[in-house]
Amino acid sequence: MSGLSRRRFLQLSGATAAMATSLGFSLDSLEASTPQLRIANAKETTSICCFCSGGCGIICHTVNGELVNVEGDPDNPVNRGSNCSKGAATFQTAKNDERVTKVLYRAPGSAEWEEKSWDWAFERIGELTAKARDASIVHRNDDGVIVNRTEAIASLGSSILNNEDLYLVSKLMRGLGVVNIEHQARI
Amino acid sequence: MTNHWIDFKNTDCALIIGSNAAENHPVSFTWLMEAKVKRGAKIIHVDPRFTRTSARSDLYAPMRSGTDIPFFGGLFNYIFETGRYHHDYVLHYTNAAHIVHDDYDFQEGLFTGYDEEKRTYADRSSWAYKTDAEGKPLKDMTLQDPRCVFQMMKKHYERYDIDTVCSITGMPKEKFLQVAEMFTETASPDKTGTILYAMGQTQHTVGSQNTRALSMLQLLLGNVGRPGGGVNALRGHSNVQGSTDMACLFHIIPGYMPAPNDGDHVDLAAYNATTPKGGFWTNRPKFIASLLKAWWGDQANLDNDLGYHYLPKQKKGANHSHIALFEDMMAGKIKGLFNWGQNPVVSGPNTNHEAKALEELEWMVQLDPFENETAAFWKRPGVNPSDVKTEVFLLPVTTFLEKEGSVTHSGRLIQYRWKAIEGPGQTKQESWIIDHIARSIKSHYEGSNKPEDEPIKYLTWDYGSSDDLSIFVDAVAREINGKDLRTGKQLPGFGALQDDGTTACGNWIYSGMYTEEGNHAKRREKEDPSGLGLYLKWGYAWPLNRRIIYNRANCDPSGKPWSEDKRTIWWDETQERWVGYDVPDFAPTRSPQDPGGTDPFIMLPEGQARFFGVNSMNEGPFPEHYEPYESPVENILSKVQYNPAIRIWESNKRGEASEFPIVCSTWRVCEHWHTGAISRNLPWLAELMPALFVEMSPTLARERGISHGEIVEITSARGAIKAVAMVTERIQKLDVQGKTIEQVGLTWHFGYQGLVKGDITNILTPHVGDANTTIPEYKAFLVDVRKVK
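Residue numbers (numbering that gives the first Met the number 0), protein chains in the order written: chain H, 0 to 186; chain L, 0 to 788.
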């Protein structure tokens, strides 16, 4: 849209409506029959698309915490409001019946998931990790060098996490002595 | 990327090779089309297949997958024969003038120092410069000495004449010449050319040398460090740059420092003794000291080596890369896996093998918004769940609109994601989950007195409650940037880091992102006085907000921009400093006349970019052509058939051309994303692209009696899959070394979970990787295709 941004267009439309009374005829009935834009009173929050590494800006529109619309962020200089087919479909990453919404656990040999609480999961994961680590941790190698490593635990992923989350993965795993640390960048 | 997405608008010519940019990174084409319309820029696409990218290019040249080095070698040869290179740039900013070591040689496809038994270059002492008595490299600034890098490179690529390279690549000669002529126009100092590449370059057994080769081309043409130029990897995921920077990889620790091993890095002094002797990396002791202070706080002191012994030391020479990791898993060495969001059952090479390896785990913790193939590996087709003893946790996570924090795009730009909505049900952001897992694990070690438990017991974890994520994530971001421990103030940048334990910094390359002024990743100011699309106040680009790295090379040796309409920085005589629109990637007051004043490549000891790799690559100083691990033809450039330095795992089956005569590659479509773990669960995208298909030429289809739209079987030495046949003119048979070679290609977005399903393409791919990175060879392997009766 050369020379006329989406926002400017909306502002101009508003100005046109304000001038309606001076037109000599009323636009009231037309206005009444035009559905209000979904995003008219929405809160805008900006984000960055979750798919490729383009870093395209996304705007989310929410009304009372409810997601009503997602579209390209016209202010972001990288994509200037445009999105590809994936970026344009990001609304469905949030509004989606396929999402996993419960903590799921599959016991050894079981054919089913079962629902668990976060507390139960964290306790069990802590226990399993400590057990695997304690059984395998090498404090000194054969030459007497302090190595503090375990080769019995591995960490995979993930390049869709935010930087701060990734930093914590890297830090926690190395604090545990894990050397099998990999993610999508390798493959 | 050395440059960034918007910068494509500044180019005069874009060479896209090993990438379908228009389809897989559409934002790149926003800017390339602007360059085309506004600057009259040309776009060249070199690829095995005519794609959406080719359709928008000025020139398309086909090639056989896996023959990039012959293509680039042919261009080098063309450049040396025609003299179409940027002479002053090559002379001053590269190692072209350096004299190579007397013992360096190349014979019959092998460089000096090869140990055939160990399949490795055991002695690399000759992959070096010849030095004077003081150890200073000798140079010949006339570039005439037969042992100077320029002449050695010229000689090395004499064998890559047009007839030979076109015979290997299958590229028609006239196409090769058109590409060569068009792209080498950018050797002119007032022009710049860019290269865009993706996994089509890297996913080969010679992937690293492919990217070296294209970098060398950019150096010959004087295109690095300049607007509209550079070496630009179009990376995959939204934050794969950030995950690499944060070192979720076995071989590095945050900020691209080497992960310590128990041979070379036994203590901090030994680690620091491996610090490069010149260039900016000489500051590495400050980076490691500050990392140790960030991770172990008060327990890291000068009297205990700053807690260096807490960092895990790998076995010297160990390979824990993806392929090796899964081989170790298969061997039962790995008991537990944290999977923070990856789907290797679809994305891993030889994935039947990798899925089977998961069964050897005692437990797996997976975080994902959807139940993908890896989460469901224990109930995959053909497997009885009762036979799988692995304990599996699937923890529900939020998706990006529900998250708080920053991501780094391919051009190193860190931008912020503000949380817009709450996630559904029990979903939580990874930070919250990692925080709780960390606390749970740490609780086991609170009372321990064992020395081996100190690293986890003392690991700092002071971010407050993760129940308020905006505060928690903020505290993590502050730690990443680092602070001065004497004043408690955020550091202004990595220049302030110290090696004496007075600074703490989680990742030195991000230092400067979050200063006392605040978190610069959140900035949204749109000033661009340069008109070049630099936007210095939009987000924050590492390092130090430089938007185009090595930008000293955008000026001639005297400090004046090569081109007036592409000015980024320049030397200001009156202020006696580098000034301009971008942040100088150079010491700000080092004048062009100062020692090192004409050395733009500050991360290298010699300050000059390397045509001749000084002991940096595992298969030699110059990129040399070797055929893919599986190839339909013999290597006609030497007797060495495939990369002599790759590791071969015994489990891997190698297909022969007699049984599998067709070259196969894998690729993606715009409507899906990688394994489809997300996109196959979005109804709009699932409907747009509902099935796996295999693209093949009309000639192959006729030969095999295959019709467009029917289901066919594709087989390799690893397995068999079915896909819909797409018979298309987009792929053409090639004439290679006197033989007709057919190529096919598959998308790899499908699996047995999700709204739309299909066979897993990576069942076909080999468990073999590049000699430096071990990235799998997904892009060139052998298959056969047949009708399904």
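Since the hints were derived computationally from the structure, they do not count as laboratory data.
Check before you lean on any hint, since a few could be wrong.
Restricting the straight-line Cα-Cα distance to at most 25 Å, the calculated cross-link-like pairs of lysine-lysine (PhoX-like) are [as the list claims (entries may be wrong)]:
#: 1; chain 1: L; residue 1: 456; chain 2: H; residue 2: 42
#: 2; chain 1: H; residue 1: 101; chain 2: L; residue 2: 418
#: 3; chain 1: H; residue 1: 94; chain 2: L; residue 2: 172
#: 4; chain 1: L; residue 1: 449; chain 2: H; residue 2: 130
#: 5; chain 1: L; residue 1: 456; chain 2: H; residue 2: 130
#: 6; chain 1: H; residue 1: 130; chain 2: L; residue 2: 314
#: 7; chain 1: L; residue 1: 418; chain 2: H; residue 2: 94
#: 8; chain 1: H; residue 1: 130; chain 2: L; residue 2: 441
#: 9; chain 1: L; residue 1: 738; chain 2: L; residue 2: 756
#: 10; chain 1: L; residue 1: 756; chain 2: H; residue 2: 101
#: 11; chain 1: L; residue 1: 652; chain 2: H; residue 2: 115
#: 12; chain 1: H; residue 1: 101; chain 2: L; residue 2: 388
#: 13; chain 1: H; residue 1: 130; chain 2: L; residue 2: 488
Which stretches of chain L does chain H cover? Using the computed rule of at least three CB atoms under 8 Å from a CB of chain H, they are [as the list claims (entries may be wrong)]:
#: 14; segment: 158 to 172
#: 15; segment: 349 to 355
A quick note: this is a predicted structure, and the numbers were derived from the prediction, not measured.
By construction, the Cβ of each residue, glycine as well, lies at the ideal position given by its N, Cα and C atoms.
**Study point:** Numbered hints the structure breaks, given as an ascending list
**Key:** 1, 3, 9, 11, 13, 14 and 15
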